[in-house]
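Participant: If you want the building blocks of each chain, they are given just below.
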Amino acid sequence: GAGVSQTPSNKVTEKGKYVELRCDPISGHTALYWYRQSLGQGPEFLIYFQGTGAADDSGLPNDRFFAVRPEGSVSTLKIQRTERGDSAVYLCASGGGIYNEQFFGPGTRLTVL
Amino acid sequence: AQSVTQLGSHVSVSEGALVLLRCNYSSSVPPYLFWYVQYPNQGLQLLLKYTSAATLVKGINGFEAEFKKSETSFHLTKPSAHMSDAAEYFCAVTGGNSGGSNYKLTFGKGTLLTVNP
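So the sequences go chain by chain: A and B.
First residue of the first sequence: 1, per our numbering; consecutive thereafter.
First residue of the second sequence: 1, per our numbering; consecutive thereafter.
One should not assume that every hint holds.
[Unchecked claim] Now the stretches of chain A that chain B is said to cover, found in silico as 3 or more residues with beta-carbon under 8 Å:
hint	stretch
1	36-43
2	46-60
3	100-111
[Unchecked claim] In silico lysine to aspartate or glutamate, EDC-like type, Cα no more than 16 Å apart, as pairs:
hint	chain 1	residue 1	chain 2	residue 2
4	B	Lys-109	B	Glu-88
5	B	Lys-49	A	Glu-101
6	A	Lys-78	A	Asp-63
7	B	Lys-109	A	Glu-44
8	A	Lys-78	A	Asp-24
Worth flagging that the hints you see were computed from the coordinates, not collected in a lab.
None of the values given here were measured: they were computed from a predicted structure.
Virtual Cβ for every residue (Gly too), placed ideally from N, Cα, C.
One chain only, chain B, in its complex shape:
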């Protein structure tokens, strides 16, 4: 079955510091990959997606992610953290060949990002 691993359930950074949230997926055929952000008591908002067009994907709010097939990774980065970035971030996958469908999303467990002043 398809799976997504997010290393680090909690990441804490200082305001202005680099944000790096890790995501690894299980599939030898590149799937579609997504990053979602969830603010407290809100639904999931799509940050960015990888759909095989370009390996470096730019999203909203200054976030970007790089697809690395050799590492089966899709890590999320932002050069300079803002206080407003504090939220939970989920990596998700669909498609690929590890028993994945082309519609339902399989999510990681999430990484809570804290930004310190």
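Isolated chain A (complex conformation):
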């Protein structure tokens, strides 16, 4: 079956611009996660959705970051007034089950010039 998909695969923007990153989870998965992976580091948790609601957004670095999942499927991560430090690979994962296996998408590489 289809895995997690993310668009765009690459995004180059200028400092101060607004960007949206999209995630299409595996069909039927109620849990959806966003992580951020900086160069040479492991992924770091940003936000977790259970259904339509954000159950835990404690990993969002500041109020420039926001994410939505209005219908409990597709999610969009929104970054306002981008800064060069936001450059990273943004990974989306979906999952469920009692062991909380998470299945990752290929990521969106964001570059802020």
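Using the hints provided, position chain B relative to the given structure of chain A.
Facilitator: Below, chain B alone, put in the same frame as chain A:
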């Protein structure tokens, strides 16, 4: 807070040699543990997981890992390395009692595996 330590940011082995990638976690209550592999410019692929059913866990591509509570370790091994195993490997944890949630993964910094012909 929960943490994962991967000893060795870079491991180099010869083709056919044993692969050993180390992972230690911080929790006195066994959490759920995972190993993921990341090939260049790709997302993370789950290799295997420990969920308290068995201490020796077998995964895909001939990899396995052993959970050792006394050592708080979950090292990844493969008896014979292939060129196609060259990638970055991440150990991750969720659950446990060191302030860990039961959903978000905490990752180590990763180990880059190089396989020499």
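Participant: All hints are to be evaluated individually against the structure, with a verdict given for each.
Facilitator: Hint-by-hint comparison with the structure:
1. 36-43: Holds, because 4 residues of the stretch 36-43 of chain A bring their Cβ atoms closer than 8 Å to Cβ atoms of chain B.
2. 46-60: It holds: at least three residues are needed, and the stretch 46-60 of chain A offers 4 whose Cβ sits within less than 8 Å of chain B.
3. 100-111: This one holds; 8 residues, not fewer than the three required, reach chain B with a Cβ under 8 Å.
4. Lys-109/B x Glu-88/B: Holds, at about 10 Å.
5. Lys-49/B x Glu-101/A: The hint holds at about 8 Å.
6. Lys-78/A x Asp-63/A: It holds: about 10 Å lies between the C-alpha atoms, which stays within 16 Å.
7. Lys-109/B x Glu-44/A: Distance ~10 Å between Lys-109/B and Glu-44/A Cα, so the pair holds.
8. Lys-78/A x Asp-24/A: holds (15 Å)
When held up to the earlier numbered hints, the structure conflicts with none and fits them all.
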